[in-house]
Amino acid sequence: MNDHLILKKDHTLSLLRRLMREHRLVAPLRNRHGDTLFSEVEDLAGAELDLEHQPQASLKPFLFPQQETMFRYRLDGEGGYRFEPPEPGRPLLFFGVRACDLSAVLYLDVIFSKRGRDPYYFARRRDSLLISLACNQPFANCFCNSAKTGPFLEYGFDLQLTDLGDRYLVEVGRARGAELVGRWRHFFTPAEEADRKAQYQALLESRSHFQRQVHLEQAIRRLQADEPLPEELWAGLSRRCQDCGGCAYVCPTCTCFTITDQQITATEGLRQRSWDACTFGGFTRLAGGHNPVDPGREAVRQRFLHKLLYDVREHGRPSCVGCGRCVGICFGGVDIVRFIDLVCEVRQ
Amino acid sequence: MAGLATTFGSGAMTNSIEEIGQAQVILAVGSNTTEAHPQVARRIFAALDRGAKLIVVDPRRTRLAEHAHLHLALRPGTDIPLINAMMRVILDENLADDLFVEMRTENFLALRDMLFQMDLEAVAAITGVGLAAISAAAQIYARAQKAVICYCLGITQHICGTDNVQAIANLAMLAGQVEKEFTGVDPLRGQNNVQGACDMGALPGVFPSYQPVENQDHREKFERAWGVELPSRPGLTLLQMSHGGAGGPIRGLFVMGENPMLSDPALDKVRETLTGLDFLAVSDLFLTETAALADVVFPAASFAEKTGTFTSSERRVQMVRAAIPPFSGCRTDSDILMALSEAMGYRMDYDSPAEIMEEITLLAPIYGGMFHDRLERSWGLQWPCWNRNHPGTPFLHKYFFTRGRGRFMPGEHQGASEPVDADYPLILNTGRVYHHYHTGTMTRQCPALNRECPEAALEVNPEDAAALKLRTGELVRLASRRGEVTVRVLVSAQTPPGSVYTSFHFPETPINLLTTAARDPKAQCPEYKVCAVRLAKV
Amino acid sequence: MTDNGNPYLPHPARILRVREENSQIKSFELAFTDPERHRAFTYRPGQFVMVSVPHGGEAPISISSSPTRPGRLTLSVRKAGRLTAALHRMAEGELVGLRGPYGRPFPVEELRGRDLIFVAGGIGLAPLASVVNLCLDRREEYGQLTVLYGSRSPADIAFRDELEGWRRAGVKCLLTVDQGGEGWTGQVGLVTTLFAQISPDPGRSSALICGPPVMFRFVAAELTRLGLSDQDIVTTLERHMKCGLGVCRHCHLGPKLVCAHGPVFTLAELRGLREAELA
Chain A
1 MNDHLILKKD
11 HTLSLLRRLM
21 REHRLVAPLR
31 NRHGDTLFSE
41 VEDLAGAELD
51 LEHQPQASLK
61 PFLFPQQETM
71 FRYRLDGEGG
81 YRFEPPEPGR
91 PLLFFGVRAC
101 DLSAVLYLDV
111 IFSKRGRDPY
121 YFARRRDSLL
131 ISLACNQPFA
141 NCFCNSAKTG
151 PFLEYGFDLQ
161 LTDLGDRYLV
171 EVGRARGAEL
181 VGRWRHFFTP
191 AEEADRKAQY
201 QALLESRSHF
211 QRQVHLEQAI
221 RRLQADEPLP
231 EELWAGLSRR
241 CQDCGGCAYV
251 CPTCTCFTIT
261 DQQITATEGL
271 RQRSWDACTF
281 GGFTRLAGGH
291 NPVDPGREAV
301 RQRFLHKLLY
311 DVREHGRPSC
321 VGCGRCVGIC
331 FGGVDIVRFI
341 DLVCEVRQ
Chain B
1 MAGLATTFGS
11 GAMTNSIEEI
21 GQAQVILAVG
31 SNTTEAHPQV
41 ARRIFAALDR
51 GAKLIVVDPR
61 RTRLAEHAHL
71 HLALRPGTDI
81 PLINAMMRVI
91 LDENLADDLF
101 VEMRTENFLA
111 LRDMLFQMDL
121 EAVAAITGVG
131 LAAISAAAQI
141 YARAQKAVIC
151 YCLGITQHIC
161 GTDNVQAIAN
171 LAMLAGQVEK
181 EFTGVDPLRG
191 QNNVQGACDM
201 GALPGVFPSY
211 QPVENQDHRE
221 KFERAWGVEL
231 PSRPGLTLLQ
241 MSHGGAGGPI
251 RGLFVMGENP
261 MLSDPALDKV
271 RETLTGLDFL
281 AVSDLFLTET
291 AALADVVFPA
301 ASFAEKTGTF
311 TSSERRVQMV
321 RAAIPPFSGC
331 RTDSDILMAL
341 SEAMGYRMDY
351 DSPAEIMEEI
361 TLLAPIYGGM
371 FHDRLERSWG
381 LQWPCWNRNH
391 PGTPFLHKYF
401 FTRGRGRFMP
411 GEHQGASEPV
421 DADYPLILNT
431 GRVYHHYHTG
441 TMTRQCPALN
451 RECPEAALEV
461 NPEDAAALKL
471 RTGELVRLAS
481 RRGEVTVRVL
491 VSAQTPPGSV
501 YTSFHFPETP
511 INLLTTAARD
521 PKAQCPEYKV
531 CAVRLAKV
Chain C
1 MTDNGNPYLP
11 HPARILRVRE
21 ENSQIKSFEL
31 AFTDPERHRA
41 FTYRPGQFVM
51 VSVPHGGEAP
61 ISISSSPTRP
71 GRLTLSVRKA
81 GRLTAALHRM
91 AEGELVGLRG
101 PYGRPFPVEE
111 LRGRDLIFVA
121 GGIGLAPLAS
131 VVNLCLDRRE
141 EYGQLTVLYG
151 SRSPADIAFR
161 DELEGWRRAG
171 VKCLLTVDQG
181 GEGWTGQVGL
191 VTTLFAQISP
201 DPGRSSALIC
211 GPPVMFRFVA
221 AELTRLGLSD
231 QDIVTTLERH
241 MKCGLGVCRH
251 CHLGPKLVCA
261 HGPVFTLAEL
271 RGLREAELA
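Residue numbers (my numbering), protein chains in the order written: chain A, 1 to 348; chain B, 1 to 538; chain C, 1 to 279.
By construction, these hints were calculated from the structure, which means they are not laboratory data.
The beta carbon of each residue, even a glycine, is placed where N, CA and C say it ideally should be.
Hints may be right or wrong, so weigh each one.
Here are the computed lysine to aspartate or glutamate pairs in the DMTMM-like style, where the Cα-Cα straight-line distance is at most 20 Å [to be verified]: (1) K256/C with E48/A; (2) K256/C with D3/A; (3) K53/B with E66/B; (4) K469/B with D178/C; (5) K9/A with D109/A; (6) K197/A with D3/A; (7) K146/B with E93/B; (8) K79/C with E455/B; (9) K172/C with E182/C; (10) K9/A with E48/A; (11) K256/C with E314/A; (12) K53/B with E106/B; (13) K221/B with E359/B; (14) K307/A with E192/A; (15) K221/B with D349/B; (16) K256/C with D163/A; (17) K172/C with E48/A; (18) K79/C with D115/C; (19) K79/C with E474/B; (20) K398/B with E66/B; (21) K307/A with D226/A; (22) K398/B with E18/B.
Sample of chain C residues at the chain A side, in silico, Cβ under 8 Å [stated by the list, open to error]: (23) Y8; (24) H55; (25) G81; (26) T84; (27) A86; (28) E140; (29) S199; (30) D201; (31) V247; (32) H252; (33) E277; (34) A279.
Over 10 Å on every C-beta distance to chain A, these chain B residues come out as not near it, computed from the model [claimed, not checked]: (35) A46; (36) L70; (37) L99; (38) E214; (39) G247; (40) M256.
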């Protein structure tokens with residue numbers, strides 16, 4: 001059962017300051033150019049915390065960086081071709097995480113647990129804390145209601161905060177959240193029945209504020225039916241795809257990566273892991289030049305089917321969390337919402 | 001540049017890029033927009049989603065052409081007769097904007113006389129495009145309330161490049177498709193700051209803000225500011241410098257961020273010229289093919305290491321801020337220039353990039369209000385921006401053309417400098433690919449981009465490939481009268497029969513060994529888009 | 001596969017011997033520098049390892065030696081891209097990195113008692129060689145063994161020593177070349193033309209195929225015509241791979257991943273998967 005507590009907004013920063021002693025704090029900050037991004041907070045007093053806007057990128061870069069060193073390798077004359085992994089950093093505390101982004105982290109946990117836990121991902125994830133913020137006000141491209149990942153969470157968080165004006169209603173989720181509340185008990189007071197009612201009201205209002213109607217489940221049912229989608233649908237989408245990879249980069253659940261060696265000296269170098277995208281032509285092309293995927297006709301096929309069909313089969317739920325970021329970034333207007341709409345039209 | 005300057009009075013996009021998304025008709029001429037200007041293609045797609053009509057004029061079936069309502073696949077280098085024919089249709093169908101022509105333009109009668117004398121059947125034969133398609137394109141364009149023309153290097157990199165541009169300007173004026181929002185003529189510029197370089201007078205005949213050097217008032221203004229005497233005659237153009245030959249007039253050259261040993265046509269001539277210099281200095285991020293020939297190389301700082309402005313295709317001056325200090329040993333362009341100048345006995349005394357910009361606002365009227373503090377607070381300002389309070393100019397020529405009245409400049413078809421013949425039966429067309437930038441100096445350093453596009457591919461039409469028994473992946477020797485390269489074949493219907501197409505990004509395949517140094521006599525832009533070649537299997 | 005918890009950690013291995021199979025293919029016999037690791041390293045036919053080449057990154061290479069010959073670890077590599085070209089430049093005594101083995105092997109246990117037809121083109125014989133040698137080492141467990149091998153030209157015929165050894169051991173080895181040449185008296189034509197020379201009993205035959213997609217299409221059609229069921233037609237697929245662990249997704253085959261669900265698949269499993277390029 002969730003505990004329900006109250007944290008006054010007046011005391012939120014001082015709680016965070018306490019937590020920062022053991023954790024690297026990551027929160028949505030507004031920078032001087034007006035962009036809101038999850039950023040590591042060095043100086044809480046000088047940072048402009050922004051809980052009003054959707055951060056332009058998800059938490060993904062903090063757990064699975066755009067580029068990271070897997071090993072430093074060294075060659076030496078006598079029997080040496082050694083690979084040394086880097087040292088892990090301090091544990092992370094994520095604050096102000098929206099339901100969609102937190103749901104995406106739960107998906108990443110599953111993906112990086114396959115066939116041997118991914119040591120790099122879990123070195124960052126293992127001791128991290130997730131404090132989420134229930135979404136009172138969905139943004140223009142949001143459809144987490146349709147993806148069933150929000151706007152409020154029922155599980156997965158350590159703490160979930162709901163903005164009730166001058167205070168947050170705090171729900172305690174995982175054990176680490178309970179531990180946190182136990183250790184810093186004096187910051188919290190028990191919630192009253194009225195607070196819980198206010199939270200319920202906020203949830204209802206939030207649900208009514210979605211601007212987009214996205215029929216994700218209907219599209220999934222259509223994809224699960226055996227008859228394939230019309231070829232022209234795929235080709236039309238692919239013609240529009242401008243091959244920028246932006247969708248995969250902003251997507252909180254896209255985890256395709258590549259591994260390359262970067263030579264530093266004749267005997268030293270770094271083995272790097274970097275984000276990749278299945279929409280890129282070179283993603284599947286073999287060394288000899290043969291490509292089992294025709295990027296001209298099926299550039300976006302793997303991406304959409306993986307998210308909405310293959311993952312439903314494998315994990316029982318789609319890996320689109322409805323954050324809407326790809327809608328805003330797609331150069332060709334062939335984001336996942338366009339795809340879902342097209343699939344639903346085919347079905348009629 | 002020269003084409004729009006003579007017709008409109010200003011050689012830049014008349015619109016903002018964002019406006020293209022609201023146009024009802026988009027006429028894209030000689031622009032491989034999805035590969036070269038994805039940000040513009042994005043607006044074209046947005047316009048299509050709003051119901052706009054797209055007409056693509058391009059010899060190749062580009063990705064954009066696949067989205068077109070009408071694709072006029074003309075023979076390379078026949079843009080002028082095609083556009084003239086469109087104008088003739090506009091006259092015949094009574095679709096000319098008479099009021100606009102009357103109020104805002106001059107020299108219309110010369111154009112009209114030429115159009116009435118032209119033979120439309122001959123145009124179809126020259127261009128290879130049927131009259132019905134030309135007529136449909138003309139009517140769609142002229143009937144629209146808001147229509148834009150986007151053109152790019154497929155127009156300018158011809159021996160008749162300036163006349164091509166003038167033909168486009170004529171068309172826009174005849175249909176009254178300028179001087180309004182969402183309506184205009186938009187040359188798409190390539191490099192992120194090529195517009196800024198032109199604006200700052202990196203052209204042979206003008207000071208910053210396009211103030212001709214011959215004009216005594218302008219000259220005196222700059223002489224006063226800089227305390228030196230300035231030349232009153234235009235300098236040399238790019239090819240006059242890089243193609244001067246071993247004993248050419250230029251003895252010393254300083255090349256900044258340019259790689260003529262890969263990008264200029266007829267590379268053998270460039271090599272002869274550069275190696276024949278008394279002294280060559282190059283500043284660049286990496287040791288380019290050109291830098292490898294230099295006596296002195298200055299390691300330059302990248303965009304991420306310097307503060308200043310870039311001016312985009314839509315005349316937008318935007319701040320770029322140093323994110324990291326220059327890599328060890330590298331210096332910013334202004335730093336290199338100032339140090340060099342000081343060493344040569346002239347002290348350039350600026351404390352900061354902002355102070356340099358202050359001088360620009362003083363001397364370059366179209367940048368009159370572009371102070372760094374203003375640019376800092378915004379997504380940039382579009383020139384002309386006359387003073388501190390001026391909001392900038394999203395679209396040009398509102399109420400009147402920059403030169404007063406727009407001037408019709410009738411022009412007729414000119415054959416390519418090097419027509420195909422029995423020895424060299426194919427036309428070589430060159431362009432760019434999405435994944436690489438110019439001579440690859442930067443993009444070839446990136447593993448991801450190299451994976452996406454590791455080498456040059458020569459597009460050959462399936463018909464020609466069948467005749468030559470070529471398959472995708474095979475190596476061929478591609479030769480012109482000036483040189484040859486070995487390149488891998490990509491059989492593709494994107495390129496029409498009779499021509500082949502490739503890019504110039506790859507030092508391994510220096511395609512400009514083949515291209516011709518023939519150039520437009522007005523703008524001095526080389527004819528990269530047409531030269532005669534032959535193929536042989538390796 | 002725990003490898004101190006880091007499944008991406010390569011282990012150094014020394015090139016013991018290099019054999020030039022043809023102008024494009026070399027075979028490398030390798031041994032982990034740590035003798036303990038070398039002894040403990042086990043694999044099954046059809047599996048692959050991720051090979052690191054200094055400054056060149058990693059690529060998946062299938063193992064061509066047989067686990068029935070302990071201590072032997074051979075990789076046959078065709079020069080196709082940057083990494084394999086770098087590997088071809090390496091000499092005996094130099095070091096590479098290895099991790100693995102990965103992937104689903106050939107079902108050599110299920111194939112016991114059956115006649116086996118091996119069909120390969122070019123480098124495709126490498127993963128099949130592992131099975132052929134296993135069968136020869138457990139000769140009594142398998143029925144007739146037939147190898148159909150296609151090469152581009154007589155000069156391109158690789159694995160000659162291996163083929164000779166198999167012939168001597170009673171394996172029916174039939175060769176063909178796409179383009180004949182001076183002194184070549186054998187078959188000319190695609191590998192499918194060799195089917196005229198065999199008459200397998202479809203009830204007790206299974207086929208193992210490795211070659212380019214177009215070859216697999218034609219060979220599969222030929223085997224189907226001879227009466228083999230989709231279950232009895234087995235192939236191994238080549239794909240771009242980065243992790244080998246089923247995470248990076250470069251090797252996707254629609255819903256499946258070649259590194260994790262394959263690389264060995266039956267034709268029955270590939271039917272209906274567009275990326276299998278059967279059409």
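Here is how each hint holds up against the structure:
1. K256/C with E48/A: At roughly 45 Å apart (the allowed maximum being 20 Å), E48/A and K256/C break the hint.
2. K256/C with D3/A: Violated: K256/C and D3/A sit about 42 Å apart, past 20 Å.
3. K53/B with E66/B: holds, 13 Å
4. K469/B with D178/C: This hinted pair holds, its Cα atoms lying about 17 Å apart.
5. K9/A with D109/A: violated, 31 Å
6. K197/A with D3/A: Holds: K197/A and D3/A sit about 15 Å apart, inside 20 Å.
7. K146/B with E93/B: Holds, because 19 Å separates the two Cα atoms, which is no more than 20 Å.
8. K79/C with E455/B: holds, 17 Å
9. K172/C with E182/C: violated, 24 Å
10. K9/A with E48/A: Holds - the C-alpha atoms of E48/A and K9/A are around 15 Å apart, at most 20 Å.
11. K256/C with E314/A: holds, 10 Å
12. K53/B with E106/B: Distance of about 30 Å is beyond 20 Å: violated.
13. K221/B with E359/B: At roughly 12 Å apart (the allowed maximum being 20 Å), E359/B and K221/B satisfy the hint.
14. K307/A with E192/A: violated, 41 Å
15. K221/B with D349/B: holds, 18 Å
16. K256/C with D163/A: The given pair, whose Cα atoms are some 43 Å apart, is violated under the 20 Å limit.
17. K172/C with E48/A: Given pair K172/C, E48/A is violated - Cα atoms ~77 Å apart, limit 20 Å.
18. K79/C with D115/C: violated, 33 Å
19. K79/C with E474/B: holds, 16 Å
20. K398/B with E66/B: Since the Cα atoms of K398/B and E66/B sit roughly 34 Å apart, the hinted pair is violated (cutoff 20 Å).
21. K307/A with D226/A: Holds - the C-alpha atoms of D226/A and K307/A are around 17 Å apart, at most 20 Å.
22. K398/B with E18/B: Between K398/B and E18/B the Cα gap is close to 17 Å, so the pair holds against 20 Å.
23. Y8: holds, 6 Å
24. H55: holds, 4 Å
25. G81: OK, holds: G81/C within 8 Å of chain A, min 3 Å.
26. T84: holds, 6 Å
27. A86: violated, 10 Å
28. E140: violated, 36 Å
29. S199: Given a least distance of 33 Å, the restraint on S199/C is violated.
30. D201: With a minimum Cβ separation of about 33 Å from chain A (threshold 8 Å), the hint on D201/C is violated.
31. V247: holds, 6 Å
32. H252: holds, 6 Å
33. E277: E277/C check passes; min Cβ-Cβ to chain A is 6 Å, inside 8 Å.
34. A279: A279/C check fails; min Cβ-Cβ to chain A is 12 Å, beyond 8 Å.
35. A46: It is violated; A46/B is separated from chain A by about 7 Å at its closest Cβ, not greater than 10 Å.
36. L70: Given a closest Cβ separation of 17 Å, the condition holds.
37. L99: Check passes; 37 Å lies beyond 10 Å.
38. E214: holds, 43 Å
39. G247: holds, 43 Å
40. M256: Given a closest Cβ separation of 28 Å, the condition holds.
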